[in-house]
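Residue numbers (my numbering), protein chains in the order written: chain A, 8 to 344; chain F, 8 to 344; chain L, 8 to 344; chain D, 8 to 344.
A few of these clues could be false.
If several chains are the same, the list does not tell them apart, and a pair holds so long as it fits within one copy or across any two.
Said to hold, decoys possible - Once the Cα atoms are required to be at most 25 Å apart in a straight line, the calculated PhoX-like pairs of lysine-lysine come out as:
#, residue 1, residue 2
1, Lys-280, Lys-307
2, Lys-132, Lys-299
3, Lys-132, Lys-226
4, Lys-226, Lys-307
5, Lys-268, Lys-138
6, Lys-187, Lys-268
7, Lys-226, Lys-280
8, Lys-226, Lys-299
9, Lys-138, Lys-226
10, Lys-50, Lys-280
11, Lys-138, Lys-50
12, Lys-307, Lys-138
13, Lys-187, Lys-226
14, Lys-50, Lys-307
Rather than coming from a laboratory, the hints here were simulated on the basis of the structure.
Okay, here's what each chain looks like letter by letter:
4 protein chains.
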Amino acid sequence: MYYFTNDYSEGAHESILQALIQSNLEQEPGYGLDSHTANAVQKVRDAVENQDVDVHLVPGGTQANLTALGAFMRPHEACIALDSGHIATHETGAIEATGHKVITVPSGDGKIRPAQIQEVVDWHKDEHSVKPRLVYISNSTEVGTIYTRNELLDIRQTCDRNNLLLYIDGARIGAAIVVKEAELTLALHCEVADAFTIGATKNGALLGEAIIIRNESLKEDFRYLIKQRGALMAKGRILGIQFEVLFTDDLYFDLARHAKKMADRLTDGLRSKGLTFFVDSPTNQVFPILTKEQIQILEKDFAFYEWEPVGDQVAIRLVTSWATPQESIDAFLASID
Amino acid sequence: MYYFTNDYSEGAHESILQALIQSNLEQEPGYGLDSHTANAVQKVRDAVENQDVDVHLVPGGTQANLTALGAFMRPHEACIALDSGHIATHETGAIEATGHKVITVPSGDGKIRPAQIQEVVDWHKDEHSVKPRLVYISNSTEVGTIYTRNELLDIRQTCDRNNLLLYIDGARIGAAIVVKEAELTLALHCEVADAFTIGATKNGALLGEAIIIRNESLKEDFRYLIKQRGALMAKGRILGIQFEVLFTDDLYFDLARHAKKMADRLTDGLRSKGLTFFVDSPTNQVFPILTKEQIQILEKDFAFYEWEPVGDQVAIRLVTSWATPQESIDAFLASID
Amino acid sequence: MYYFTNDYSEGAHESILQALIQSNLEQEPGYGLDSHTANAVQKVRDAVENQDVDVHLVPGGTQANLTALGAFMRPHEACIALDSGHIATHETGAIEATGHKVITVPSGDGKIRPAQIQEVVDWHKDEHSVKPRLVYISNSTEVGTIYTRNELLDIRQTCDRNNLLLYIDGARIGAAIVVKEAELTLALHCEVADAFTIGATKNGALLGEAIIIRNESLKEDFRYLIKQRGALMAKGRILGIQFEVLFTDDLYFDLARHAKKMADRLTDGLRSKGLTFFVDSPTNQVFPILTKEQIQILEKDFAFYEWEPVGDQVAIRLVTSWATPQESIDAFLASID
Amino acid sequence: MYYFTNDYSEGAHESILQALIQSNLEQEPGYGLDSHTANAVQKVRDAVENQDVDVHLVPGGTQANLTALGAFMRPHEACIALDSGHIATHETGAIEATGHKVITVPSGDGKIRPAQIQEVVDWHKDEHSVKPRLVYISNSTEVGTIYTRNELLDIRQTCDRNNLLLYIDGARIGAAIVVKEAELTLALHCEVADAFTIGATKNGALLGEAIIIRNESLKEDFRYLIKQRGALMAKGRILGIQFEVLFTDDLYFDLARHAKKMADRLTDGLRSKGLTFFVDSPTNQVFPILTKEQIQILEKDFAFYEWEPVGDQVAIRLVTSWATPQESIDAFLASID
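Isolated chain A (complex conformation) (with noise of 0.2 Å):
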């Protein structure tokens, strides 16, 4: 059985579990004050272009995400997402929790447009509504597409244009980074974000994420918010030493590479044999339309989610990660006649 649910399944890559087990006795101090942290935010700085950024590395996405959010809004204020964000559908309300509310517009590709965010802001005009504040997207999406560079800027603008921040949530921001037409950098996310997030989970490590801040008026005390939503790790040097591998000879990016090779070729495979998509991601999630038949076949020894049913088919998701051998795509495409 090969597992396509998703790109966690395995542990960490072996560049991590070496450094850790290399710095295993040092003694160091707690929370995030050790000297892997440290290097480890050196090296995110050089990765993301800015010396000035704030860089905080938490445990998981979603505490990053409600940290955040919870830190650069007051009361009243809301964000702005697609129904399909990750905020919105898949983290039991961790913003409503932190007491604001996620104000969502519809959802096709994944991506939102700048006219969308607008029309929200225009609706909100007085105090008998909350207030919109902050646009939350995902790069790469939740369904594999990615923002371009130019639509990057776009929803920049339009944010700007309202007094909006901008937060992009970079869970899986490697796979974005890594097609190459989209002309996606750290650093363009940084530019372009007031904060925006590294996720190393889905990337080849245990487990990490980097929130990074680059604008000035959402940096101060941020380490209290941490530690009051229980993301501030006693060992924060586990999460040191996890990004400083990352960011060691781009393998960071390398990891990625790997798994938008491993997709390419699954998708030109499944191409090959006339199937199509449901969605046209070229990012590490590929959304084939099969047959009932054909998914009771490929069932018995590989795992993925049933995405959609589209019309007497269905859409499956396979993702694929720094791990994915190419013999199992290869096994993967065999199995399909």
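Position chains F, L and D against the provided structure of chain A, taking the given hints into account.
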């Protein structure tokens, strides 16, 4: 430089790292639904001698506390804690951030007394005040002392008489249980508490706390709360593997016994030099009172917290752990004349 | 200038002022423990034909909603409402500020359909999403329409099948009940809802909403919640006296009937002039579609909201109340040619 | 039976009722946008001698406190109050329900000392604890005592030195200001506080508190917060009219002076009978110490709270108000032999 500052200065016990490496490329479901977590849960159930408890593994202690207490109380209900309690002073208002008051009573030796609980209950009479609902204690306590078997039973009785839940923060529960005279077991903690935690971060793991829920009425939907608070790890296996190892062949308590042995050696050595102690702690936290000159000399080679001035001397805190080498104890003792 | 902007442009019905004057120097206990509140509660119990309900009087509607919904749900539970629902759009995120998500579904005529509820429930499957727990509806609705007896019973059934609570916002419940064809009573609302409100602010009082709780499991400690949310008035008598008067000799419904009579006169007059309506509202909110020229002329003597553009015309909202004089209706009609 | 239990046992001063009647059928915009509220705001600005303050009228005191404090602090910030403070003990955790810790210090005479504030600040050093941000005091205090001009100025200095906001709960501010020796004015309160309230419920109104915000940085979007917390009254005119009357021809202070005159007469009478007092209160709360026999006799004709046992006697609390008749004072005194 050797750090006696805390019991989380190193990484993890070697067996844990080994298990992480061995299982690394196994594919497993996410979110704690993996086979290692299932195995760990069974081992914890065996260890607490109760097959009916719910066991949840979460990354950290503050997270465990805020998730559990936020789940167990209605909005107008409050918890009772010592003013030295971790939730009262060292979690940045995490409990209040979930909407609940922490009613504090004065701490002497780190242990709450039944009469203090009763007094709080008697004072809170009607809807103009919060309703006390839960008693929070730590064992071992913030100052290294422990509740004995009888003390725990007394507190349970007080809770029963007043319709109060009892929650025990077991971030250092191993340290308490290995003190033989106290007649403590995990099973006893499970019996007296409605819910409690078993901390691994401070006893050999990279990270991880187990939340054990015995009270049937507190079990429902708890995974929703874990997810909402950001404590549901994508790679839950990381927690599962660690608890699996710690609760195999009594490793958890072997590690705690080593820490205690080192603490006892330290205490005996200090006492034989005529030093006195700020608190009479039987666990891995030791609070000797030193002159400022002694501290100045020690600081060259050792790190530790200055706890509190005592006359013109100062009580310091020394913490031993599973990783403390005997040589460091001996070197410390040798540095005091 | 006559205001058709809403049904709270004036003070209170004369009988209420008289009762306030008469009782003014009586000394009474505070916080709703006075004799007038006791009397009012009894009258409300009689009116809803259920002697077992709990009745609480609070100053305002948003307060009633946030206090009740915040009390009835656990942190991971959410309510379902139309996107036009008052809690969804016009309470500045008050429900989210108590930590709960409001799941919205699209509104056509201001009424939620059982199928919409079912779809939400079916979509929310596990702990990665909030748990739908409560359905929020208003009767009469935000656009003046009403749920009939059968529609309420159908929604109740849907709630029962899905373990959902039903909460009815009755800010304008009088307006609904005086529509004879709908076969509505307070008793019916009490029967189908787990809890509901009876609004007085929009039907003749200075201020005040009654929260009626029928479901036994929701009653416990509700006064604590009222106090915590700031809704427990020191001079609770002010609310007691008003409900006492309104529920004596059917005054509450007499006032609602007057408002409806005025609305009907308005509707008939507008229709006889050949005008059409944006919504076919049987209650005290009337939505005629006018030309911009007609609106310009009317605005000289009358105030009202422009609701929504309809082609190159505009739907406006006219609200009648217990205080609307027939002459104002007639003058309004006379201004349209 | 005469009630000395509190200063909100009656309705409203006759002038207020008259004004409500006279304005009753005027049509006005809702939500505090009416002409009476505008007029009241101007009168309050004049009374506090500052034309730049923002003035908001809300129904009750707990609501005022939770709306203001919840608006003024970020999630990790906390307020400092006496353990006898209204927000600490008699508001059912309303502040914590907005997510903020109330740090308490011991109360002797109902007044916090600058050294107590400084000690709290000094203790809260880093992100592991909440960040003290606001000092909450009441004038007059919970036990009827008052902060003098100099005491207020000292607290202000302490706040300035520590970057703390000062918030004064003025539920009984009239009672404080009419004590001539204290040299207090509304203007002084406005000068020293970043924000404060002027209570009307306990000084002649049916209901209503004014929130005065002087600190420019706290003003933004405050109406959003009022709405979100349920404190924005549809018929805001009711509050406007009352403050309009109270701040015309010095009525607010005339009423407070009457209450004080009655309290003084009571105090003098009791003292001349040789009685002693639990607290030396110069305001409308009087705390004589009586024997149980005396209490038994008095209870036949008078209602009051037993405050606290004093040896084998008991301190009771007697509260006078704008409505207290001199005959009731004299009758009370006559009942003690």
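Structure-based check of all given hints:
1. For a Cα distance limit of 25 Å, the shortest separation of Lys-280 from Lys-307 inside one copy, 20 Å, qualifies, whereas the shortest one across copies, 71 Å, does not.
2. Taking CA atoms no more than 25 Å apart as the test, Lys-132 paired with Lys-299 passes between copies only; the shortest distance there is 23 Å, against 49 Å inside one copy.
3. In this assembly of identical chains, the alpha carbons of Lys-132 and Lys-226 lie at most 25 Å apart only when taken from different copies (18 Å versus 28 Å within one copy).
4. In this assembly of identical chains, Lys-226 and Lys-307 lie within 25 Å of each other by CA distance neither inside one copy nor across copies; the values are 50 Å within and 35 Å between.
5. For the identical chains of this complex, Lys-268 and Lys-138 are neighbours neither inside a copy (43 Å) nor across copies (38 Å), given an alpha-carbon limit of 25 Å.
6. Within a single copy, Lys-187 and Lys-268 get their C-alpha atoms as close as 12 Å, which meets the 25 Å cut-off; across copies the closest is 58 Å, which misses it.
7. Proximity of Lys-226 to Lys-280 under the C-alpha cut-off of 25 Å is found in neither arrangement, the shortest distances being 51 Å within a copy and 49 Å between copies.
8. For a Cα distance limit of 25 Å, the shortest separation of Lys-226 from Lys-299 qualifies neither inside one copy, at 51 Å, nor across copies, at 38 Å.
9. For a Cα distance limit of 25 Å, the shortest separation of Lys-138 from Lys-226 qualifies both inside one copy, at 21 Å, and across copies, at 15 Å.
10. Proximity of Lys-50 to Lys-280 under the C-alpha cut-off of 25 Å is found in neither arrangement, the shortest distances being 43 Å within a copy and 48 Å between copies.
11. Taking the shortest Cα distances, Lys-138 and Lys-50 never come within 25 Å of each other, neither inside one copy (36 Å) nor across copies (31 Å).
12. Taking CA atoms no more than 25 Å apart as the test, Lys-307 paired with Lys-138 passes in neither setting, with 51 Å inside one copy and 32 Å between copies.
13. In this assembly of identical chains, the alpha carbons of Lys-187 and Lys-226 never lie at most 25 Å apart, being 32 Å within a copy and 48 Å across copies at closest.
14. For a Cα distance limit of 25 Å, the shortest separation of Lys-50 from Lys-307 qualifies neither inside one copy, at 44 Å, nor across copies, at 31 Å.
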